[in-house]
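Student: Turn these sequences into a full structure, and let the hints guide you.
Chain by chain, the residues:
Protein chains: 2
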Amino acid sequence: MRSVRDALDLLGGKWKLPIILALLGGPKRFKQLQREVVGITAKMLSKEVKELEINGLLRRQVQAEAAPVAVTYTLEAYGDTLFPVIEALHDWGRQPRNHIMHPQEIVVEKTEAFEQVAAA
Amino acid sequence: MRSVRDALDLLGGKWKLPIILALLGGPKRFKQLQREVVGITAKMLSKEVKELEINGLLRRQVQAEAAPVAVTYTLEAYGDTLFPVIEALHDWGRQPRNHIMHPQEIVVEKTEAFEQVAAA
DNA sequence: CCGTATCCTCATCGATACTG
DNA sequence: CAGTATCGATGAGGATACGG
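Respectively, the protein sequence lines represent chains A and B.
In terms of the numbering used here, the first sequence opens at residue 156 and continues consecutively.
In terms of the numbering used here, the second sequence opens at residue 156 and continues consecutively.
Do not rely on the hints blindly, as some may be mistaken.
Since the list gives no way to pick one copy over another, a pair counts as held whenever it fits inside one copy or between any two copies.
[Claimed, not checked] Below, computed lysine to any residue pairings styled on SDA-like, alpha-carbon distance capped at 25 Å:
#	residue 1	residue 2
1	Lys202	Glu191
2	Lys169	Glu206
3	Lys186	Arg157
4	Lys198	Arg215
5	Lys169	Lys202
6	Lys198	Gln218
7	Lys171	Arg160
8	Lys202	Leu163
9	Lys169	Asp235
10	Lys202	Phe185
11	Lys169	Glu203
12	Lys198	Gly168
13	Lys186	Met156
Calculated from the structure, these hints are not laboratory results.
Tutor: Put into structure tokens, the structure is as follows:
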């Protein structure tokens, strides 16, 4: 449970996961990123990307010194390990909402891995 | 990506996942829940639990009408399907932070499931 | 192109006190 | 026990404009 909270601290907020998701597709530049993460403002993107860099999830690289400057953001290996998290979130978000009509179709077996997670 | 955002909408905030995690261990009463979800106030627990009920993630049952009242919160089957999400978050939160020193130890293979998620 | 500076609003969260 | 009421702090997030 502590580790779930830890993860939530690093990934909390509206934008961090969507940014990482975009970068899973490969390195991106600032404007590119802003286009893919629909709805984010330059201010928020700048701020979030800064935090993600501090936490070692991505790397920021300035390509040229002259104007116009080019900056590339690349996911670190550590950020890459978030893939299972995003995948789980994605799978869950895709679920139909008619679970109440067909509850028997949704089955999750616990007892093994469950104990480890719940006990932590 | 839309589904990741959908999931984030339902699970956003500081407390929803920790509450669900606690309920994965079985039905709980209000006070029990407040004890297990360390740091949450009665106000927040009340509010979060209400939202989770509206979204069909848990069920609220009043056990007795006389005082002292007993209320039990039980995870719905739909809420149960969040287990993979919590597990992924938990696994990720457990990772050592020395990834920078040993980047080669962290390997994630993409290319199959990756394409589906990134394309969504 | 890549941001930062301001200003602003609103939701989130917390503390404390109180009720059925 | 299971909450609600009230007040207040904080910060996330957005709009707009501007700078290197």
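Student: Is it within a copy, between copies, both, or neither that the alpha carbon of Lys169 lies no farther than 25 Å from that of Lys202?
Tutor: both (12 Å within a copy, 20 Å between copies)
Student: For Lys186 vs Met156, is the C-alpha pair at or below 25 Å within one copy, between two copies, both, or neither?
Tutor: between (37 Å within a copy, 18 Å between copies)
Student: As a check of your reading, is Lys171 near Arg160 (CA-CA no more than 25 Å) within one copy, between copies, both or neither?
Tutor: both (15 Å within a copy, 11 Å between copies)
Student: Which holds for Lys202 with Leu163 at a C-alpha limit of 25 Å: within a copy, between copies, both or neither?
Tutor: both (17 Å within a copy, 19 Å between copies)
Student: Go through the copies and call it for Lys169 and Asp235: within, between, both or neither, with a Cα cutoff of 25 Å.
Tutor: both (19 Å within a copy, 24 Å between copies)
Student: One pair to classify: Lys198 and Arg215, alpha carbons no more than 25 Å apart. Within, between, both, or neither?
Tutor: within (16 Å within a copy, 41 Å between copies)
Student: As a check of your reading, is Lys169 near Glu203 (CA-CA no more than 25 Å) within one copy, between copies, both or neither?
Tutor: both (10 Å within a copy, 18 Å between copies)
Student: How do Lys198 and Gln218 come out at 25 Å by Cα distance, when the copy is not named: within, between, both, or neither?
Tutor: Intra 21 Å, inter 50 Å, cutoff 25 Å: intra-copy only.
Student: Can you tell me if Lys202 and Glu191 fall within 25 Å by alpha carbon in one copy, between copies, both or neither?
Tutor: within (16 Å within a copy, 33 Å between copies)
Student: Using 25 Å as the alpha carbon limit, work out where Lys202 and Phe185 are close: within a copy, between copies, both or neither.
Tutor: Result: close within a single copy only, 12 Å intra versus 38 Å inter.
Student: When no copy is specified for Lys186 and Arg157, does a C-alpha distance of 25 Å or less occur within a copy, between copies, both, or neither?
Tutor: between (36 Å within a copy, 20 Å between copies)
Student: How would you classify Lys198 and Gly168 at a CA-CA limit of 25 Å: within, between, both, or neither?
Tutor: Result: close both inside a copy and across copies, 14 Å intra and 21 Å inter.
Hint check: no violations occur; every hint is consistent with the structure.
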